[in-house]
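With the hints as your guide, set chain E onto chain X.
Chain residues, written in single-letter form:
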Amino acid sequence: MTEKPAKNPMTSTSRRTFLGAGLALGGAAIAGKAASAAEGEDVILEKQTWNQFLGDGVDARPYGTPSQFEQHVVRRDVSWLTADPISSVNFTPLHELDGIITPNGLCFERHHAGIAEVDPAKHRLMINGLVDKPLVFTMQDLMRFPRRNHVYFLECAANSGMEWRGAQLNGCQFTHGMVHNVMYTGVPLKYLLEEAGVKTNGKWVMPEGADASAMTRSIPMFKALEDCLVAFKMNGEALRPEQGYPLRLVVPGWEGNMWVKWLRRIEVGDEPWHHREETSKYTDLLENGKARRFTWEMDAKSVITNPSPQAPLLHSKGQTVVTGVAWSGRGTIERVDVSIDGGTNWRSARIDGPSLDKSIHRFYYDFEWNGSPLLLQSRAMDSTGYVQPTKSALRAERGTNSIYHNNGIQTWHVKANGEVENVEVS
Amino acid sequence: MSKSLKLLIASAAVAALVTPALAGSFNLGREATPDEVAAWDIDVRPDGTGLPEGKGTVAEGEEVFAEQCASCHGDFGEGVDRWPVLAGGQGTLKSDRPVKTIGSYWPYLSTVWDYINRAMPFGHAQSLEPDQVYAITAYLLNMNDLVDADFELSKENFTSVRLPNEANFIDDPRPDTPVMASGKEPCMENCKEGEVKITSRAAVLDVTPEEQAEAGKGAVD
Chain X
47 MTEKPAKNPM TSTSRRTFLG AGLALGGAAI AGKAASAAEG EDVILEKQTW NQFLGDGVDA
107 RPYGTPSQFE QHVVRRDVSW LTADPISSVN FTPLHELDGI ITPNGLCFER HHAGIAEVDP
167 AKHRLMINGL VDKPLVFTMQ DLMRFPRRNH VYFLECAANS GMEWRGAQLN GCQFTHGMVH
227 NVMYTGVPLK YLLEEAGVKT NGKWVMPEGA DASAMTRSIP MFKALEDCLV AFKMNGEALR
287 PEQGYPLRLV VPGWEGNMWV KWLRRIEVGD EPWHHREETS KYTDLLENGK ARRFTWEMDA
347 KSVITNPSPQ APLLHSKGQT VVTGVAWSGR GTIERVDVSI DGGTNWRSAR IDGPSLDKSI
407 HRFYYDFEWN GSPLLLQSRA MDSTGYVQPT KSALRAERGT NSIYHNNGIQ TWHVKANGEV
467 ENVEVS
Chain E
606 MSKSLKLLIA SAAVAALVTP ALAGSFNLGR EATPDEVAAW DIDVRPDGTG LPEGKGTVAE
666 GEEVFAEQCA SCHGDFGEGV DRWPVLAGGQ GTLKSDRPVK TIGSYWPYLS TVWDYINRAM
726 PFGHAQSLEP DQVYAITAYL LNMNDLVDAD FELSKENFTS VRLPNEANFI DDPRPDTPVM
786 ASGKEPCMEN CKEGEVKITS RAAVLDVTPE EQAEAGKGAV D
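Chains X and E are the protein sequences, given in the same order. Counting from 1 along the first sequence, just add 46 to a position and that's the residue number in our numbering. Counting from 1 along the second sequence, just add 605 to a position and that's the residue number in our numbering.
If we strip away everything but chain X, and leave its shape as in the complex, we get:
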């Protein structure tokens, strides 16, 4: 009988393998001692457990999870923001991500009555109102329509809303983390509306969710026919429950609240409904007491994700990578400029990776840091020529009570020791 080979003691719990590993570890310790006279790093001169012992087999992790060393990479919430975590929001850890795609488990969550756990076999999508024939679709019905794949950003209109009155939260996760960017697979809403036959006076649609908040919004017909999707997949797999499993609406470039999750009904009407989320919420109060309504489009915006308060510059002066994300609800990102002196002088950053319509873009600015403090800013310009404004330009137009649609330029103060603080500048 042959002895079973020892598994990595970090992941194995059986007594037999633990004993075997203990012996082997003793051996490694002796080897390490002998090597201590050698010059160099222990991580090279000493054998690591993973160099010698076996890891988990293919049956151990049927649905993979990130490395145990990445456990800090999670969505976080700000408990004082809302009365209760059931109707609340958490934030994407933008400072831990790269590229343009947000992993499904890190996409920020915003729901109004908790995560509905919907059985897809019992889920139906109804189309009613001003149509020739009200219809009901099962999930299987929906998957028989021709499908489309699109990468789109979803940004909550309240992203950066806490910063209207001044710098408040230390971390781009909290100041800018109500955004994510995934590839959706779904069916054009147009096909479903055409199947039901929209009457000539049908000018608006009202999507409605199946959760206990029964979320509703009014969407003009032109947008519904232009590019809205009824999606069932994100990044190739089924929608996550917190993102509306089994079905959500995708409203490219428009505020996240309209992307109704757990989508169960679409009504066609001749007038908007003026429901709670488009009157008492998601309207932008101005300094003069008037309020803008139906502020659907998300303006061009960018933020430097690294360095940022949660991701300080831990290395010495010299070659330094500044990176961040930019997006626009009106098209693609044409350019991103970066300033290290608080907006006096700008250099064009390098956009790397796909440049897709109404999708996050990734930019890099590689430069030689001389070790002195920096006032880092990024400024996006989209394909319509719209330039991301300063926060003071936004306040001059709107005051500080708008809550929503704060896309102003963010400033990070990088100190000589590499710490980073959220600041505003003159």
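Accuracy of the hints is not assured; some may be wrong.
To be verified - Taking lysine-lysine pairs in the DSBU-like style, the calculated list, with each CA pair at most 30 Å apart, reads:
{"no.": "1", "chain 1": "E", "residue 1": "Lys797", "chain 2": "X", "residue 2": "Lys461"}
{"no.": "2", "chain 1": "X", "residue 1": "Lys336", "chain 2": "E", "residue 2": "Lys699"}
{"no.": "3", "chain 1": "E", "residue 1": "Lys789", "chain 2": "X", "residue 2": "Lys179"}
{"no.": "4", "chain 1": "E", "residue 1": "Lys789", "chain 2": "E", "residue 2": "Lys802"}
{"no.": "5", "chain 1": "X", "residue 1": "Lys461", "chain 2": "E", "residue 2": "Lys789"}
{"no.": "6", "chain 1": "X", "residue 1": "Lys279", "chain 2": "X", "residue 2": "Lys179"}
{"no.": "7", "chain 1": "X", "residue 1": "Lys168", "chain 2": "X", "residue 2": "Lys245"}
{"no.": "8", "chain 1": "E", "residue 1": "Lys802", "chain 2": "X", "residue 2": "Lys363"}
{"no.": "9", "chain 1": "X", "residue 1": "Lys249", "chain 2": "X", "residue 2": "Lys336"}
{"no.": "10", "chain 1": "X", "residue 1": "Lys327", "chain 2": "X", "residue 2": "Lys363"}
{"no.": "11", "chain 1": "X", "residue 1": "Lys179", "chain 2": "X", "residue 2": "Lys236"}
{"no.": "12", "chain 1": "E", "residue 1": "Lys760", "chain 2": "X", "residue 2": "Lys245"}
{"no.": "13", "chain 1": "X", "residue 1": "Lys363", "chain 2": "E", "residue 2": "Lys797"}
{"no.": "14", "chain 1": "X", "residue 1": "Lys179", "chain 2": "X", "residue 2": "Lys249"}
{"no.": "15", "chain 1": "X", "residue 1": "Lys245", "chain 2": "X", "residue 2": "Lys269"}
{"no.": "16", "chain 1": "E", "residue 1": "Lys760", "chain 2": "X", "residue 2": "Lys249"}
{"no.": "17", "chain 1": "X", "residue 1": "Lys168", "chain 2": "X", "residue 2": "Lys269"}
{"no.": "18", "chain 1": "X", "residue 1": "Lys327", "chain 2": "X", "residue 2": "Lys236"}
{"no.": "19", "chain 1": "X", "residue 1": "Lys327", "chain 2": "E", "residue 2": "Lys789"}
{"no.": "20", "chain 1": "X", "residue 1": "Lys279", "chain 2": "X", "residue 2": "Lys363"}
{"no.": "21", "chain 1": "X", "residue 1": "Lys327", "chain 2": "X", "residue 2": "Lys279"}
{"no.": "22", "chain 1": "X", "residue 1": "Lys363", "chain 2": "X", "residue 2": "Lys336"}
{"no.": "23", "chain 1": "X", "residue 1": "Lys168", "chain 2": "X", "residue 2": "Lys236"}
{"no.": "24", "chain 1": "X", "residue 1": "Lys179", "chain 2": "X", "residue 2": "Lys168"}
{"no.": "25", "chain 1": "X", "residue 1": "Lys269", "chain 2": "X", "residue 2": "Lys279"}
{"no.": "26", "chain 1": "X", "residue 1": "Lys269", "chain 2": "X", "residue 2": "Lys179"}
{"no.": "27", "chain 1": "X", "residue 1": "Lys168", "chain 2": "X", "residue 2": "Lys279"}
{"no.": "28", "chain 1": "X", "residue 1": "Lys327", "chain 2": "E", "residue 2": "Lys797"}
{"no.": "29", "chain 1": "E", "residue 1": "Lys802", "chain 2": "X", "residue 2": "Lys327"}
{"no.": "30", "chain 1": "E", "residue 1": "Lys760", "chain 2": "E", "residue 2": "Lys660"}
{"no.": "31", "chain 1": "X", "residue 1": "Lys236", "chain 2": "X", "residue 2": "Lys249"}
What the hints assert, rightly or not - Now the stretches of chain X that chain E is said to cover, found in silico as 3 or more residues with beta-carbon under 8 Å:
{"no.": "32", "stretch": "288 to 302"}
{"no.": "33", "stretch": "389 to 398"}
{"no.": "34", "stretch": "409 to 420"}
{"no.": "35", "stretch": "434 to 443"}
Rather than coming from a laboratory, the hints here were simulated on the basis of the structure. A virtual CB, placed ideally from N, CA and C, is assigned to each residue, including glycine.
For chain E alone, kept in the frame of chain X given last:
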């Protein structure tokens, strides 16, 4: 039949198979029954479309509100902790701390009825009878000093009640900040005069989670 004719028919059949379906011709889904539509079609609009038969008085509403709503919203709609304030706030919209309530901010009464009916009470949605929703709505109007204590709200008189802030909602004028003409670039050199100074610091407030978090200003919705 000639060989070429056979081929022609065969290729026509193939073409029919691969031709994209025309609008409305996927033949998927089934017709919804009137009862199914009625079960889900609960939305109400400012013109009263969608309101069911029913009525309720301020006094009846006060009772239901105390039982079903006051634990979060307070006996007088003042809001407990950070739960929404429903009454008061008139005259605050231009101030540093606007209080956006049904009376001070909401443009349409139908929004109140629709939202209570679809989503309230929090945690037991769609459990109220139409008469109870009319009564709670009447009580909310009374708490906002918009109707007298003996008022009864019904399907019939619903659209005669207007909320005071209706006229203060305007359409979206964005973009309200500069857009570059084609081929132009934004300022790249010497864009600010004088030394750039820090005017605001997050560390002063220190409301970031995992620090000694105090309640910060602002809200997400």
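Take the C-alpha atoms of Lys245 of chain X and Lys269 of chain X, compute the straight-line distance between them, and say whether it is at most 30 Å.
-> Answer holds: Lys245 of chain X to Lys269 of chain X is near 16 Å, not above 30 Å.
30 Å limit on alpha-carbon distance, applied to hinted pair Lys168 of chain X and Lys236 of chain X | 24 Å, holds
For the pair supplied as a hint, Lys461 of chain X and Lys789 of chain E, is the alpha-carbon distance within the 30 Å limit?
-> Not OK: Lys461 of chain X and Lys789 of chain E at ~34 Å, beyond 30 Å, violated.
Hinted pair Lys789 of chain E and Lys179 of chain X, Cα distance within 30 Å = Between Lys789 of chain E and Lys179 of chain X the Cα gap is close to 51 Å, so the pair fails against 30 Å, i.e. violated.
Lys168 of chain X and Lys245 of chain X: Cα distance at most 30 Å?
-> 29 Å, holds
Can the restraint linking Lys327 of chain X and Lys797 of chain E be considered satisfied, given a maximum Cα separation of 30 Å?
-> 36 Å, violated
Within 30 Å, alpha carbon to alpha carbon, are Lys179 of chain X and Lys168 of chain X?
-> Distance ~22 Å between Lys179 of chain X and Lys168 of chain X Cα, so the pair holds.
When you check the alpha-carbon spacing of Lys789 of chain E and Lys802 of chain E, does it fall within 30 Å?
-> Roughly 29 Å separates the two Cα atoms, so the pair holds.
Closer than 8 Å, Cβ to Cβ, for at least three residues: run that test on the stretch 409 to 420 of chain X against chain E and report holds or violated.
-> violated (count 0)
Given hint Lys327 of chain X paired with Lys802 of chain E - CA-CA distance at most 30 Å = Violated, at about 35 Å.
Checking C-beta pairs, does the stretch 434 to 443 of chain X have three or more residues closer than 8 Å to chain E?
-> Coverage by chain E holds here, the residue count being 4 at a Cβ distance below 8 Å.
Quick one, are Lys327 of chain X and Lys236 of chain X close enough, alpha carbons at most 30 Å?
-> Distance ~28 Å between Lys327 of chain X and Lys236 of chain X Cα, so the pair holds.
The structure fails to meet hints 3, 5, 10, 19, 20, 22, 28, 29, 32, 34 from the earlier list, while all remaining hints are met.
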